[in-house]
Amino acid sequence: MSKAIDQLKERLFRAWLSWQTRPVAVRRYLAKKKIEPGGTLEEIDLERIRVAAVQMRLQPFKRALDYVDLIYQHVARAVAGGAQLIVFPEYNATHLLGCLPGFEEMASGGSLEEALGEMEGNISPADIFRFVGPATKALYEETYAYLARAFDVYIHAGSAVLPVGGGRLYNTAYLFGPDGKVLGRQHKLHLTPDEESWGMCVADGVTVIETPPGNVGIPVCMDITYFETFRILTALGADIVLVPSADNDAFSLWKKMRGIWPRVQESPVYGVHSCMVGSFAGWEFSGFTGVFAPRVLTPDDSGVLARVSDTAGEGMALGDVNVDALRRYRRHQGDWRGQLNPELIGAYLPELYERKDLRVMEEAMDTDRKVDSSGGS
Amino acid sequence: MKQRGLVQAHVFQVGLPDGAHASLSCQDLVGNPGAGVAAGVVVFPALTGLGPLMAGAPGESPRWEEAEETYNLWGKALARDTGLFVCPGTFLKRAAGGFEHLAYLFDPSGEVVLRQGQTHQGGLLPEGLGELQAWNSIEVYSAADAETIPGDWGSDLTFGFAIGPDAAIPEVGRILALQGVDIVISPQARPAPYSLLDQVQGLWQVTQQNQFFSLESCLVGSAVAMDTASIGGATGTGRDLELEGRSTVFGPCEITEANSGFVGALSGLGSLHLDVADQFVDLSRLAASRGTSGQGLVSAVLDLDALDRIRRQYNILHFLNPPVYKEFMPRIYRGREGEGNE
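Residue numbers (the working numbering), protein chains in the order written: chain A, -11 to 365; chain B, 5 to 346.
It is worth saying that the hints were derived from the structure and are not from the lab. Fair warning: there could be bad hints in the mix.
Short derived list, chain B residues pointing at chain A, Cβ under 8 Å [as the list claims (entries may be wrong)]:
id, residue
1, I179
2, Q205
3, Q209
4, E261
5, G300
6, L324
7, Y329
Now the in silico label distances, taken between C-beta atoms and shown as ranges [to be verified]:
id, chain 1, residue 1, chain 2, residue 2, range
8, A, E92, B, P334, 48 to 58 Å
9, A, G187, B, G102, 46 to 56 Å
10, B, D309, A, L(-4), 53 to 63 Å
Computed footprint of chain B on chain A; a stretch qualifies when at least three of its residues, placed anywhere within it, have a C-beta under 8 Å from a C-beta of chain B [said to hold, decoys possible]:
id, segment
11, 8 to 21
12, 58 to 69
13, 161 to 168
14, 179 to 187
15, 206 to 217
Ideal Cβ positions, reconstructed from N, Cα and C, are used throughout, including at glycine.
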């Protein structure tokens, strides 16, 4: 009897969640905004593509439409600034966990995992993402599709943790075109220890999406720690790599410099980095949002075209990338493939990648992780 | 968990030929290694291995064919005298069609335990000797596998090389890391201006994405000493050049002061690399932060246990995605030939 009641409660709650996040509610809400196309795509000049990287606070929303309104505000502001392509952070839509009853109280005292550990039933963060995933997906996709169509702009919706067939969880990035359609999806290629412990899955492929403003790659956060990601993307012709991040670590310029900046130098390409900030369920996020470029394509040799100066608060970096100049540079002097020794690499990397004893002391990892969890996501 | 202890690193920044010649008497390095220090390593810059050859024949053309022998004698003597691992910089060796740019590592007994040639074109090299014959192999030296290790020094310690431009090639760093390297030795010789951002773009970031220590040793000074005619070349590529550097010891951010990734850098260059650690900084400031043509020595302690700890906590290599790389590798590493009209 008790089990039947629990099942009924769960069904009712799922229905309520589904009702809160139903696409028609999103459409009605945004229709009231009377959005006009921004006109930023009327003329596309590859020498000046304006991109916007949104730095956004992760906060729980009890009402799903509050999240929709937040995204609307960011997009409206970016379009007003002339943006043709807008990028949002990783773990986007995690705000919607706030719709779960008691979530705020549960997460306010410390880490979400600790709170879950105190509950019956051995619930993990992955279970929560699986539970809310279908509702999150519906609202997430509808919100960005509507806004991209209404403002007539390209929107990278950041990434969201969503279940895919059979309950497998992926951290997935989305790019929406100005017609509101999904132009491409990219699962995260390189997980963090937390994500691995949650049982998340990694991508088995890499996508580059051809668009009028340039060829776009959309890896996720930790993917920028690995040079391999950018080698593949640039070999596939990417001009601009859009990267959503949610870095669970205190700000350190040097730690941030391990990510997007060196990647766009070693495999010349533009990089647009959008970061989540704020405190959420025991996680502290810091930002390094900006538009990055090979140093030779920046007037002050810094490799930075625009940055959000506040590393903890919300903001937006607006920058102009010159896709034509990048292509010229790569054609004439900067193609990294011409600088490499393919015999050397072919003789070593394939075999080394396959080695299973990569100096990893696997048995020690779990123990040590609990002692000192490293940042980054 | 097995403890591996500390390694004392001594990284020279010198010019040619005087600096290398003078540094022959670096007995002071033996000193007292300090509590917990399990091994020591001395590194000289690129081309410094030619110093004895040049200094040994003032006013005359050096005997080019003796370059390797001279280098070996110098390295062996340095290693034995100091009781440390020693890389006496690099030297050039004639090879079919040109020359090789080589570095050796001597163990504390004076034996050569690792030989490495530059694997990628580029860097400050003479034109008169023909083409650089790039090596197609990268090996590492693991003291744990060695049959004879003098005393306890150097046990369970792995070295590799990244010579000149190899240091900024991420594939080289990955090959070294996947072979288990702990310390990468990087002899360098670069023309001025030398900027901090160049370093960050080079060996600093390769160090970060592979979780090892690295030792960047820079040749500096007037280009007159780089007249390659005097070391066997027909022309002097380095003529009229000023060489700058910022010899540095790098390590993973998590185990360095202020998360900077700098274990130690040549004194007298200020501490910009540390000052900026927790501030918002215009990166153009880093680009404008130059090196120096002055000589000096960077000494730093490398904590292998701390390195092991961060590797266990978050081992970057554990999260590689080989199936995806495998799919794309043939396409991205076949070179530009066959790419068609790109």
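Inset, instruction - Tell me, in ascending order, the numbers of any earlier hints that this structure violates. - result: As far as the earlier hints go, 4, 5, 11, 12, 13 are violated by this structure, in ascending order.
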